[in-house]
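Please model the entire structure based on the sequences and the hints provided.
Residue numbers (the working numbering), protein chains in the order written: chain A, 1 to 177; chain B, 1001 to 1648; chain C, 2001 to 2152.
Treat the hints loosely; a few may be bogus.
Chain B stretches covered by chain A per the calculated footprint, using a threshold of three residues with CB under 8 Å from any CB of chain A [unchecked claim]:
#, region
1, 1187-1196
2, 1317-1329
Calculated pairs, DSS-like style, for lysine-lysine (alpha carbon to alpha carbon, straight line, at most 30 Å) [to be verified]:
#, chain 1, residue 1, chain 2, residue 2
3, B, K1554, B, K1576
4, A, K128, B, K1528
5, B, K1554, A, K128
6, A, K128, B, K1382
Since the hints were derived computationally from the structure, they do not count as laboratory data.
All C-beta atoms, glycine included, are put in the ideal place defined by N, C-alpha and C.
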Amino acid sequence: MRRRWQRWAIPAAVLPVLALLAYGFWTNPREIPSPLLGRAAAPFALTTFDRVPLTLEDLRGKIVLLNFWASWCIPACYDEAPALERTWQAYKDKGVMVVGVNVQDTEEPARTFLARFGHSFPNAPDPKGHIAVDYGVYGVPETFFIDRRGRVRFKHVGALTDEAARQRLDSLLEEPS
Amino acid sequence: MIPELGYAATVVGFVLALYGAMAAVIGVRTGRADWLRTGERAAVGIWILITACIALMLYAFLTFDFSVRYVAMNTNRGTPFYYRITALWGALEGSIVLWAWMLSIYTLIVVVRYRRRQPELYPWVLSVMLGILAFFLLVMSVPAPPFERLSPIPPDGRGLNPLLEDSGMITHPVALYLGFTGFSVPFAFAMAALLVGRTGDEWITITRRWTIVAWYFLSLGLLIGGWWSYHVLGWGGYWAWDPVENAAFMPWLTGTAFLHSVMIQERRRMLKLWNLTLIILTFGLTLFGTFLTRSGIIGSVHSFTQGSIGVFFLAFLALILLGAFSLLAWRTDHLRAQGELDSAVSRESVFLLNNLFLIAATFTVFFGTVFPLLSEAARGVKVSVGAPFFNLVNIPIFLALLFLMGVGPLIAWRRASAENLKRNFLKPVLAGIVAAAVLRLFGVGNVLVLTAMALVVFVAGTITLDYGRAVRARRRSGDEWGAATWGLLLRQNRRYGGFVVHLGILVIALGVAGSQAWSLQTETTLEKGQSVELAGYRVRFDGLSASEESNHFKVTGAFTMTTGRSSFAELRPARKFYPQEQTPIAAVDYRLGWVEDVYLVLGDFARDGSRATVKLQVNRLVSWLWIGGLVLTLGAALAILPDHRKPA
Amino acid sequence: MIPVLVAVLAVSAALTGIAGAASPVDERVVHDVAAQLRCVVCQNLSVADSPSETANQMRQIIRERLAAGESPEQVRAYFVEKYGQWILLSPPKEGFNLLVWVVPFAGLGAGLVLVAVVLRRWTRRPAAVPSTPVDAAMRERIRREMSGGPRP
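Spelled out as structure tokens, the structure:
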């Protein structure tokens, strides 16, 4: 019998393919790591819904929680909205700034959204999506944490919770300024 | 009540399938026919049970029984009647039910057709079919139960995925699944032949016919899928190299390879091992496709929800591939037939090359589809492999296949003499070269397009040449023109069915090359009354209107299209807002034409109707894709008819 | 005469090049760049093809960047910087990604070699096909008998 092992080559070749597919269970195709972590946050210049100019430059030295949202993003943006306001209330005196960026939206429903949740931190529209692309935003909601030196340190995808916000803000606050 | 009944039917069906699969084997091992008969009765019972499941689901859909989770997730009170029926297979769980139902029908056909004709293979075939059915019923029982209860019962359902609200939804999945499940019959025969040790010739004839049947439905499913993509998704294309499209394309490629290499086995009794490998591969790839869509391991537009179902499918895929290939390895000695050829310049070697290129295309598509996983596993970097890659890598392969398609059917078996080559190919080659030269004179500069067009003309030339000769031969033996021309198709339906399929492929190639090379598009924001111009078409924006549909809110744009010859048409693209969807769905409007389609997509707009962004496309030769698809399926249907040349 | 003509052509080409940068961007270039980028909200459509709002905005950004004088490569690099390689629909031909480009062709090449070897082996032995039709099973047996034992 000529080379007995040879015949088992095909069944054996299937194994690595199956292993690769099985590996797929441990990955999430929707979870893409941001290349921005640890790098300088892209500067932005916004005009808030209250017609106040706001730039990242103005916030230098503060920790910034940058949240991207849209009024049509149901339910995630609605779920996280109260947590955002609570976080803002808890941290606004500790050198933390919360900024909301409204993307792919129109003004009227966006204002309704803000009024509904009584957001008191600055929110601004990004009508052409420039800032969203500068931060590599895939969908809403996404939240970025920028440290005092202006670097992106964390990215949170999906609805933000009090716990998730607290954990990251606290770790950034502990760092020497 | 319905959920319980349905669940009971599923579980009983699963038990019956397991029992039937074993009974058939016991029957053949002990030689007791009564065991085999109970296996058959189990097959009938399973079909009745799954049919009952479908009837129960339909009833639940039509009566808005939101106590069934699947119904609540996929309809709401606004869903139109027609889509309440198609919603049956609009999502994961229901698609499995449809799948299992088709499988049970194929099993019944196998029982009716082969219980007497193939007494030796039949019990094993039945057992394998029931085994596959058992798996799908297991999926229906455990990881993806269609009859799962929802409590508390919601007042209204969530609603169907709006993209599925299209008339194509009744034909596309049905054809596709008939194709996918159809490949289980050749697989079952291949397994039976290996188990019995009869890898002779009779099973291969049966397998070939069944492969054409499955191939026919799969082709149809792919084509309708392309049409759905073109006129529903609103991106202006018909094929996106989405992982799921790839998953349906791969078994089509390997099935095509088998349909060609099987001819060598029939004529020369070679390549037995290879043909079995192709059948196993084809069936394995249909399962892989299902796995890919249902597991969510690779992001895709078609992705259903994630869950444990992926694990079930992977385990079954492993079982099938390892089991079947081990069986093959075990029987290798039976299958080794010493190959012998008279000459490398012969139809046999062209078929070998044809198989090589089809497998290369399959491999390319497979490798590209799983490469993101490989990249992540090997170095933790997420990459994308999409249309630009697949187009670039596959174009040379498909051009080579096109060339072989011209050579294969006319080159002589065994040994092609120089005379044979000259007689069959000189004129078509010249025609191809002339065609390319003419196109070049008309300003076509793209080498790939020129090559593709030259090849299309070359292959069309070979087909015409051969068919013309055959018709003249019939004329000499006294047939009328009509009888000679059309009668030939039926008289040698297998050969000329294949020719018609090739013709269809040519027409599709024409459409693909033309649409890739010559389509135009522009995107602009228009004020009311303003126009956009493209390729001699002028489209004027006349305003917006809003309407409340049964289950969504719709904003329709009014556009007037005029051409140079002042003929005009109204175009009404829209955006549909579904409460269950975050983003609006674009509904395109288009005018199809022989040479070019005008295709208009409504983008963002001002609420007062004063301004709208539109994407205007002039897509060239796309209609030929659908025409070619029609020709191709007609040819496949012709080839399925019983062979008239010799009594089978 | 000819050198003059060449010079004129070169100058006019340069002029149109400059004029092109200031005038509205060539839509075909926008489309080419957009076709290489993956629409981030859809799963497998390019930015050029997707009818979604996000893709629309991204196309506009491509247009603006090109109008500002960036080359198509620079625009692409900008998106890669923000989203990572994931955003490119075909992986850059470097490093590990070379695999996806090379392996299909290497496989095809290996297949061609294999077919060549097989054809050589099959055509080398003299064709011993009986001229009279023999029962298939019988022929099979004969062949097995004849090629029994270790083959060369």
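The hints, checked one at a time:
1. 1187-1196: Result for this restraint: violated, n = 0.
2. 1317-1329: holds (count 8)
3. B:K1554 <-> B:K1576: Satisfied, since the Cα-Cα distance of roughly 4 Å is no more than 30 Å.
4. A:K128 <-> B:K1528: holds (22 Å)
5. B:K1554 <-> A:K128: holds (24 Å)
6. A:K128 <-> B:K1382: holds (27 Å)
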